[in-house]
Amino acid sequence: MEILSKISLILDATTLLIILASTIVGVLIGALPGLSSGMAIALLLPFTIYLEPSLAIASMAALYCGGTFGGSITAILINAPGAPPAAATAFDGFPMAQKGQAGKALGMAAVSSVVGGIISLIVLIIFAPTLARIAYKFGPPEYFALAIFGLSMLASISAKSPVKNLIGGLIGLFVATIGVHLTTGVTRFTFNVGALFDGVSFVPVLIGLFAMSEIFVQASKSELLLERIKFSAIKLPSITEFKNCIKTILRSSGIGTFIGILPAEGGTVSAMIGYNEARRWSKNKDNFGKGEIEGVAAPEAANNAATGGAMIPTLALGIPGSATTAVILGGFQIHGLRAGPYLFEQQPDLLYIIFYAMFLANFIFLIFGLMGAKIFSRISLIPRGFLWPSVFIFCLVGSYGLSQSMVDVYIMLISGVAGFFLRRSGFSPAPIIMGIVLGGLVENSLAQSIIIFDQNLFMFFTRPIALAFFALTLLSLFYKPIKNLLLKGR
Amino acid sequence: MIKDSKILSVIIFLTLYLFVVTFSFDQVPEILAQGMQPTMMPRLIFTLIILLSVFQIYQNRNLIDKKKEVIKRNAYLTFCFMAFTILIAEKLGFFLTVFMFTLVTPFLWQRKDKLNVFLYSLGMTIFVFVFFTLVLQLKFPQGILEDFIVRNFY
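Protein chains in written order, with my numbering: chain V, 375 to 864; chain A, 2 to 155.
Think of the hints as simulated: they come from the structure by calculation, not from any bench.
Yeah, the Cβ is synthetic: ideal placement off N, Cα and C, and Gly gets one too.
Hints are not guaranteed to be accurate.
Taking lysine to any residue pairs in the SDA-like style, the calculated list, with each CA pair at most 25 Å apart, reads [to be verified]: (1) V:Lys854 / V:Arg797; (2) V:Lys854 / A:Tyr59; (3) A:Lys92 / V:Met780.
Now the in silico label distances, taken between C-beta atoms and shown as ranges [stated by the list, open to error]: (4) V:Asn658 / A:Leu137: 48 to 58 Å; (5) V:Gln720 / A:Tyr77: 44 to 54 Å; (6) A:Leu135 / V:Ser777: 45 to 55 Å; (7) V:Asp660 / A:Leu135: 52 to 62 Å; (8) A:Leu137 / V:Leu841: 48 to 58 Å; (9) V:Ser612 / A:Asn63: 49 to 59 Å.
Assemble the whole structure, with the sequences as input and the hints as a guide.
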C-alpha cells in the first residue's frame, strides 16, 4: 500500500504543528459569522510564502476543512452560521440547542462532518490520480472545452442568478487579460500604469472581493443581539442515534462529494441538497426545522464531503471545484506549482501530503471542535467594532506584503468597493475568482487550439473529449430553461 | 425601476468603454499573432458580457426592484476613512496608520468604551509591528517614523 508508506511525509514536528495550527485557525475563523474559509485562506495566502510549497498547500487544505466545520458551531449555538455552507445546519441545530440539546447537536455535527470528510478524501485519493491519467490525453482543445464547461457550471449549480454568475465569470476572465499579452507582447488595459504590465495580482483582488467587500457589508449592519445558548457538555451521539442517522450521513456524503467535484459553489449547495434529501427520505419529516438530529447530520456530512470532492478537479485538472479551492489554486500559482495532471508526475508526493493534511484536519477538528466548542462560540461574540477593523488591517498587510507594493493595496481597495456593489446586486465573488483563475487557461488553450486547427474552429468537432465537454456545457446552460419550457407545454 | 437595471447598465457602459479601448491596442503581424490577435479574447468577453446583461435586463423586465437595504452613513464613513488611511499610509508610515485606523474606526462603529478602544488599538499596532516586521521581516513604509525605527530596530 503506497499510501500508507507516504505517511512519513507529514510525520515531522513542523508539518504536524502547521496542520494543527491551520485547522484550529480554520475552525476559529469559520466560527466567525461573515468570515469564511475562502476569506481566511485569501488573507493568509501572502504569509504562506514563508513556508515550503507543499507545506503551504497542506496548511491551506487543513484550513479549508477546519473552516467548513467551524461554521456549524455558531450555527448551532447562536443561530448565526459562521459561513454559508453551515446555513442549513442552523435549521435544526439551533432548535435542538434551544431544547437543551446543544451538546448532542454539536456532537452529531462533528461526527457526521468527519465521516463526510473522510469518505470524500477516499474518493479523492482513488479518483484524482485516475482523472489525472485521463487528463494526460488532453490537449489544448480539450482544456479549452473543459474550462468553458467549468465556467458554465457556475450558471447551473449555484442557487443564485445563473446569468449573473456567468457575467461574474466573464468579469474574472477580463481581469485575467490585463497586462502584457504573452504571445504578442502587446499591453492590454494597463492605462500606462507600469505596475499593471505583469497583470493584476491575484491576491489583492481576492482579498478585496472576499474580505474588503464583507467589511462594507458589515458596516451597513447593526450590532446583532445574538441569543447565546448555555450548555454543560458536548455529548457524542449514542450508538442508536448514530445508527439512525448513518444512512442520511452516507447519502449526504455521496451528494457532497459529487457536488464538490462539479466546479461551482460546492459546500453551500451540497449542504442544502443534503438537507432536502434527508427530509425527503426521513421517517420524521415533520420534525425537520424543529430540532431533528438528522437535519444536523445531513448538511454537515454534505458540506464537509464537498471539501474533498472539490479538491479532485482542482488537483487533477487545475479547474477549481469551489470558491475556496479557486483561492487554493491561486496559492499553487504563488508557490510556482501548476495544478493538473503534470503535478502528479512532477510532484507525486504533494497529493499524499494534501490527503494526509485533510485527513488529520478532520480528526483535529473532531477533538478540538468538541473540546473547544464553548470557546469557539465565544469568538463570535467579539464586538464587531474590534473584529472588522482588525480584518481591515490584515487586508492591508496581506495585500501589501506579497510584492511590497502600494499599487496592490489600491487594487485591493478598488476590488473591495466593486465587490460590495456587485454583492448588493446579487453577484457572488466566487465566479469572478474562478474567471480570474481560469482566464490564462481559457485564452492560451484557445490560442493553441487555433494554431493546431489552422484557424478552423470547426475542427473542435473532430475531438470527441472536447465535444463531450461542449455538450455538457450546453446541457448545464440550457437544462433548466428547456425543462421549464417542457413543463409549461404540459 | 426594473430589477438590477442600474448595476447592469453600469456594467454595459463600462464594458462598452473597454471595448472601445481595445481599438487602441497595437495590431501585430499574423505570423506573430499566431491566429489570435490580442484584441480577440477581450472583445469576445465584452460581447458576451453585454449580451448577457441585456438578456438579464430583458428577463427581469416584469420584476420590480425590492427596496434594497439602505447603505448606512456608517458604511460610507468607514469606506472614506479606509480610503484615506490607504492614501496616507506611505507618508504617515504603516504603524502610525494602523494605530490611527484602529483607534478611530471602533468609534465609527459605535464603540463608546474609550479605554478598551485605546488598548485594542495599541495592542493591534504592537502585534503588527512585532509579528510582521520583526518576525516575518516585512518592510512596510515607515513614513515619519523611519529614522526612529531604523535607529532602534535594524
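Task: Given pair status - V:Met780, A:Lys92, alpha carbons within 25 Å - done: holds (12 Å)
Open item on the list: Does the beta carbon distance between V:Ser612 and A:Asn63 stay inside 49 to 59 Å, or does it fall outside?
Closed with: Check passed, 53 Å falls within 49 to 59 Å.
Open item on the list: Between the alpha carbons of V:Lys854 and A:Tyr59, is the straight-line distance 25 Å or under?
Closed with: Between V:Lys854 and A:Tyr59 the Cα gap is close to 18 Å, so the pair holds against 25 Å.
Task: Supplied distance hint 48 to 58 Å, evaluated on CB atoms of V:Asn658 and A:Leu137 - done: 52 Å Cβ-Cβ, so the 48 to 58 Å window holds.
Task: Verdict for A:Leu135, V:Ser777 (Cβ pair) under range 45 to 55 Å - done: With a Cβ separation near 21 Å, A:Leu135 and V:Ser777 fall outside 45 to 55 Å, so the hint is violated.
Task: Status of the given 44 to 54 Å range, CB of A:Tyr77 versus CB of V:Gln720 - done: Holds, at about 50 Å.
Open item on the list: So if I understand the rule, the pair passes when the alpha-carbon distance is 25 Å or less; does V:Lys854 with V:Arg797 pass?
Closed with: Measuring from Cα to Cα gives roughly 24 Å; hence the hint holds.
TODO: For the range 52 to 62 Å, tell me whether the beta carbons of V:Asp660 and A:Leu135 fit it or not.
DONE: About 60 Å separates the Cβ atoms of V:Asp660 and A:Leu135, which means 52 to 62 Å holds.
Task: Consistency of beta-carbon spacing, V:Leu841 to A:Leu137, with hint 48 to 58 Å - done: holds (50 Å)
In the structure shown, a violation is registered for the earlier hint numbered 6 alone.
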